[in-house]
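Undergrad: Chain by chain, the residues run as shown.
Number of protein chains: 2
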Amino acid sequence: MARPRLSEDTRRRLLEVSAAQFLRQGYHGTGIKDLLDRVEIPKGSFYNYFPSKEALGVATIEYTARCTAAALTSAFDGAPDPLSGVRAFFESLLAHFEDNDFTGGCLLANLACELDDSETCRVAISVAYRQWRDGLAGPLAAAQAAGTVRDDVPAEELADTLIEAWEGAVIRMKVDRSAAPLRRCMRLLLDGYLRP
Amino acid sequence: MARPRLSEDTRRRLLEVSAAQFLRQGYHGTGIKDLLDRVEIPKGSFYNYFPSKEALGVATIEYTARCTAAALTSAFDGAPDPLSGVRAFFESLLAHFEDNDFTGGCLLANLACELDDSETCRVAISVAYRQWRDGLAGPLAAAQAAGTVRDDVPAEELADTLIEAWEGAVIRMKVDRSAAPLRRCMRLLLDGYLRP
Chain B
1 MARPRLSEDT RRRLLEVSAA QFLRQGYHGT GIKDLLDRVE IPKGSFYNYF PSKEALGVAT
61 IEYTARCTAA ALTSAFDGAP DPLSGVRAFF ESLLAHFEDN DFTGGCLLAN LACELDDSET
121 CRVAISVAYR QWRDGLAGPL AAAQAAGTVR DDVPAEELAD TLIEAWEGAV IRMKVDRSAA
181 PLRRCMRLLL DGYLRP
Chain W
1001 MARPRLSEDT RRRLLEVSAA QFLRQGYHGT GIKDLLDRVE IPKGSFYNYF PSKEALGVAT
1061 IEYTARCTAA ALTSAFDGAP DPLSGVRAFF ESLLAHFEDN DFTGGCLLAN LACELDDSET
1121 CRVAISVAYR QWRDGLAGPL AAAQAAGTVR DDVPAEELAD TLIEAWEGAV IRMKVDRSAA
1181 PLRRCMRLLL DGYLRP
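Chains as they are written, first to last, in my numbering: chain B, 1 to 196; chain W, 1001 to 1196.
If you are wondering where the hints come from, they were derived from the structure by calculation, not from laboratory data.
Positions of the beta carbon are idealized from the N, C-alpha and C atoms, including for glycine.
Careful: at least some of the hints might be erroneous.
To be verified - Every beta carbon over 12 Å from chain W, so not counted as near; a handful from chain B, in silico:
id, residue
1, Glu-16
2, Asp-37
3, Ser-45
4, Tyr-47
5, Asn-48
6, Ser-52
7, Tyr-63
8, Ala-71
9, Phe-76
10, Asp-99
11, Ala-109
Stated by the list, open to error - The calculated label-pair distances, taken between Cβ atoms and stated as ranges, are:
id, chain 1, residue 1, chain 2, residue 2, range
12, W, Arg-1177, B, Arg-177, 25 to 35 Å
13, W, Arg-1012, B, Leu-6, 51 to 61 Å
14, B, Leu-6, W, Arg-1087, 47 to 57 Å
As the list claims (entries may be wrong) - Footprint (simulated), chain B over chain W, 3 or more residues, beta carbon under 8 Å:
id, segment
15, 1094-1107
16, 1183-1192
Isolated chain B, as found in the complex:
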């Protein structure tokens, strides 16, 4: 059989659309046909890009992790110091949620909550959270060295705690349709607990 001609652009569009639809309708609520209609490619060609819906799930989780990494880089690039970068990163997430009227939430958390039956997705989400944690732990360690963040707790643990409190606040944001839980998380933890 001739090897099918694959397009990087089509693959990227499939991931963008699956991320949006998984966020809106959940993994099980999203059909492959719906994704293909949106990307405007025939059904048969889907399996040239991904061997299964589960493989698309894993690729979408990895795509989400790359988006988070890009948001971190962008926030730190424009910040005068590491702690300001951490704040800018969370402010950028908040602005994104405001633009979406506090619907959707975090795709990693949504898929983690929804999927107990896919081992490969579970592992991919676990890796994505660790990458996010590492992306924050580095700047937090630099802030510890600069004396702007408490140094009696390892930077990795501070990053884990900040991410988890944020993820819980995102869930409250969704059900309250309000930025208040996110603002409280930043005020009490980022501006409170994390300080020396």
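Dock chain W against chain B, hints included.
TA: Positioned in the frame of chain B, the structure of chain W alone reads:
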């Protein structure tokens, strides 16, 4: 038409089974027929108990809130002081997660993540989180008065933050299949941030 004979016991069993199945398979992944087979009642009689699947969803969320309230009462009844009660409550949740090999997670968070399309479920989850918050804020205020919890932040905000950090840690627990995020949350926040 004669009013159908309803059984409180059947209603309670429907809620127990729906809570377990929603936790295992999600709201959209759970069919009403599956629930009825497990409770062993005919399909027609479901609508005598709940006018719709969405109404069952709301009732299941309220049932979950009552379970949380009962766990709080049980933890505080056996505790020598309010702060010990708060710790006993979270230890009881952790023991439950250990019994289930860190699968499932928190039904409130799972449904909040999954359901963006049901306004009545969204409001029910929001109310359930506020009840949980209030159930912790009272004892935390008592602990503040006793000098065992910091009093520079309102007890309600401490309760919200603790619950949200816990819910985020439960998500990490699920994807890491480990109690470590829950233990870290208790160590850094309950034994750290909350102290005077």
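Undergrad: Please go over all the hints and tell whether each is borne out by the structure.
TA: Checked hints:
no.	hint	verdict
1	Glu-16	19 Å, holds
2	Asp-37	20 Å, holds
3	Ser-45	27 Å, holds
4	Tyr-47	24 Å, holds
5	Asn-48	28 Å, holds
6	Ser-52	18 Å, holds
7	Tyr-63	17 Å, holds
8	Ala-71	18 Å, holds
9	Phe-76	22 Å, holds
10	Asp-99	15 Å, holds
11	Ala-109	5 Å, violated
12	Arg-1177/W to Arg-177/B: 25 to 35 Å	32 Å, holds
13	Arg-1012/W to Leu-6/B: 51 to 61 Å	54 Å, holds
14	Leu-6/B to Arg-1087/W: 47 to 57 Å	55 Å, holds
15	1094-1107	holds (count 3)
16	1183-1192	holds (count 5)
In this structure, the one hint that does not hold is number 11.
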